[in-house]
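K.L.:
Per the working numbering, the sequence shown runs over residues 4 to 170.
Among the clues, some could well be false.
Mimicking DSS-like on lysine-lysine, the simulated pairs with C-alpha atoms at most 30 Å apart in a straight line are [claimed, not checked]:
1) K125 / K148
2) K136 / K10
3) K136 / K167
4) K78 / K97
5) K89 / K165
6) K125 / K10
7) K136 / K89
8) K64 / K125
9) K89 / K148
10) K165 / K136
11) K64 / K97
12) K167 / K64
13) K78 / K89
14) K167 / K125
15) K78 / K148
16) K78 / K167
It should be emphasised that the hints constitute simulated quantities derived from the structure, not laboratory data.
All figures in this text were calculated on a predicted structure; none of them were measured in a lab.
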Amino acid sequence: MQIGDVKVRVTAVTVVVFLFFIALIAAYVFTTGNVYALYWAVPSAVMLLLIPMALNYMSQKQYASLVPMYEAEAKNARIREINLNKLGEPVRIKGVVERVYFQFLNRPQYLVADRTGEISVKMFTSPAEDVQKGDVVEVLGTVVKRYIMTGDAVVNCVSIRKIKNDQ
C-alpha cells in the first residue's frame, strides 16, 4: 500500500496472526452462536493489521526525512575502512548484496561486499526499494557496534538503494 511517498508494508507474520484470530473469532461465533462477540472481536482483529501498518508508516517517514542529511554528511568509505574507530560516523558504501536476512519481518539485514571486504548492514524498517541478493547498492548509514556493548562494526542503515553496476 502506498501512502503519499511512503510504501507501507505488512509482514507475512502479521497477516498470519490476523488470519489466525479471524479463524478463532469465526469458530467461537459458529460454536456458541454469540454474535455480540463480533462487536469487540472484529475491531480488535483489524487493529492487529492497522497498528503494524501505522508503525511501519511512521518509521518509513522518519527514515525518509533523514536521507537528505545523510546524503550531505556521509563520507564515501570502502568496507575495509569501517571499524570501531568510526563509531557514530555517517558513511556511504557501495557494494553487492551477498545475503538478505529477516526481510519477512520488515527488519532486513544485508551482507554487503565490495572488493575490500564485507559488512553487515542492518535496517530497522523496510527499505523503499525491494533489494535482493546480487543487487548492486548504495548504503547510507551510521557505524555502530553489532551488539549494544560489544561486537564488530556494522552499518545501521538509513537508506539502501539499487545503483547501476559501475564499481
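K.L.:
Against which earlier hints does the structure fall short, listed by number upward?
P.N.:
none
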